[in-house]
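All chains should be modelled from the sequences, with the hints used to inform the complete structure.
Protein sequences, first through last, are from chains C and D. Quick note on the numbering used here: the first sequence kicks off at 1 and runs consecutively. Quick note on the numbering used here: the second sequence kicks off at 712 and runs consecutively.
Don't take each hint at face value.
[To be verified] Straight line, CA to CA, 25 Å or less: simulated SDA-like cross-link-like pairs of lysine to any residue:
1. D:K751 x C:L287
2. C:K227 x D:I744
3. C:K154 x D:I744
[What the hints assert, rightly or not] Derived coverage of chain D by chain C (criterion: at least 3 residues anywhere in the stretch with Cβ under 8 Å from a Cβ of chain C; other residues may be distant):
4. 733 to 746
5. 754 to 762
Calculated from the structure, these hints are not laboratory results. None of these values were measured; they are calculated from a predicted model. Built from N, CA and C at the ideal position, the CB exists for glycine as well.
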Amino acid sequence: MQVEKFYYDNKIVKAFGYATIIFGIVGMIVGLWAAIQIYYPAISLNFAPTTFGRLRPLHTNAIIFAFVGNASFAGIYYSLQRLCKARMFSDKLSWIHFWGWQLIIVAAAITLPLGLTNGAEYAELIWPIDIAITLVWVVFGINMFGTIIKRREKHLYVAIWFYIATWVTVALLHIVRSIELPYSLTGSYSWYAGVQDALVQWWYGHNAVAFFLTTPVLGLMYYFLPKAANRPVYSYRLSIIHFWSLIFLYIWAGPHHLLYTALPDWAQSLGVVFSIMLIAPSWGGMLNGLFTLRGAWDKVREDPILKFMVVAITCYGMSTLEGPLLSLKGVNAIAHYTDWIIAHVHIGGLGWNGFLAFAILYYMIPKMWGTDLYSKKLATNHFWLGTIGIILYAVPMYWAGFEQSLNWKAFTAEGQLKFDFMETVNNIKGMYVIRSIGGTLYLIGALVMTYNLYKTIAKGKFIANEEAEAAPLVKEAHEKKEYWHRVIERKPVMMLVVSLVLVAIGGLIEIIPTFLVKSNIPTIASVKPYTPLELQGRDIYVREGCYTCHSQMIRPFRDEVVRYGEYSKAGEFIYDHPFQWGSKRTGPDLAREGGKYPDSWHYNHMYDPRSMSPGSLMPQYVWLLDNKLDISTTPAKIRAMKTLGVPYPDDYDKIANRDLMQQADSIAGNLKKDKIETASNAEIIALIAYLQRLGRDIKSAPKQPLAETTK
Amino acid sequence: MKFIHYIEKISGVGVYGLISLTIFVLFFTAMLIWVFKTKKKTLTEISRIPLDN
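And the structure:
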């Protein structure tokens, strides 16, 4: 048969590769900056865009979507063409994908520091950007499926399955999570409220880890590891089982982020069971990766690419064992809200994602420039800097998490809490310092890589279009009836549908009942919608990213009830669009903050947290004292909330600002009594109104029995 | 307008869960049967795809 000559497009891989390096380094610098702020708050520069609450979303978004995202795209565009023996379907679509994605990143880098956010972790980007992501994702999908359809290779190699599952599931996750009601060009409220919003959020959040940080990277592992080791994967059978069980089980595990919260118990248990089951496919994948190197460990000693891969795969195994363990309720009771979780995600982020991204860059760049790596020694140094960096990052965070949790839970013999919150923070400050040293080493390693790759590029000559040959695919006459799986495995569109059905089943079962059964979310008669001023204050709370350090969810533990007050009930959050339960307590829980301190305490505390609580790590929020509250948005916000089902009276939007001013004047009056002169239209007034409202609804309710009615 | 009002109108929605689980178990069993019945030669051939380019 006549072989066809064609060319692989290396230019698009180069573009995504460069973007990986640039945004990786930016994301790491932002992360380091945020990490230093935790023990040295002044480095926030008292400048709103660079405070922790705004940098942290910038860091997570940059690392997830810009660094790992671009690395995955680079690896996918490189491997997909070669696995399909075909050039990408359309160069034009490739470039629309590339520039579209980079514009989204730039838009994120501008909007997040400006405080434009949805307030949902890893889904912070505002609604116009959400729409752009959807469009670019569709372009990527058409390009990928177009390539697969015009392929010259009969079988779809397992890496491609992982890419397909990634595409399908991320599309589903992104759309469901982003259903929101805009009230302005940049602002919107989540369609869901309270417990439902939390469930959707962690179904999304957990599966963003699964299908943006894990499945594409596993696909890369299944391609680049055999390439680098020059031997096929240990067991292809295992890789098939790995694939199907992973994509099915992952989708259910989200609720393990909400253990002991006000989430219904059945959903929590479902999350735990599936999380434990996840160990099997994850470890199947890890062992498949490591066993691929059996008999080739001598190569690992010499080849820095394999070194990076071995540590990456090991970190994958470690964090996928740790994840299920953390989802056991007993372990979770200790780990949740602490730095333990930060350690856990960084084993995955720095070890698995980062190291695999470095490995494929070290592999692809010399190949595409037709040369060898400039310096193996520098690459090995990078490997050690990175590895020591990970250890110095993770170990102190495990320690800090464990220590702080035990401190929180410690009681004296007399039955009093042994430590106040500030003491538990001060005890672990040193750990934060060591963590940032670890992060610095990791960053230096990445810079060393950049230099090494730059020198490699300088000595090689870029092969923009790489020549290849293969016979075209001919339609075979099927004499025997084939196994159905082989049919699926060869047909990408059917593969797409089957994966979608599998992940959709998990998603639906998990989410539908919460929407469905009224008794799942008992409403409480005394819980009332926010006043217009409180609503504005809440939006400031979201804008400043307070949820990155403060939870609003008191779990039913003795220490939490003693420290913060009555544990949180699902019915308290029915008007929270979006929910603000948070996931980390760098500062104390705020679920029952309302009424704990006078208004003047909050005013002074926002101006300088350390004046009210010495040793506090919180940044100063001086601009809240000067900024004028924009009340022109109030009617639109009230209308949006009403559309979402919050029971404001009819036509309330027209008079909302009158109530707002009244409440603001009364808070300004309170402050005046404490000798603080402030205009009643300052943003701080709205924030104080919100903070003073937190958790008060059920306090004002008549005691016993709580009237539980249905909404 | 709340989401909750849409889904609660689906009648007999409880059976969805059962159907889903059945689909999964059947699919998974079929996958395992296929995986272990496929000839080693085919699998080896597929697993060599990355190395052939």
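Broken hints, numbered, in rising order? 2
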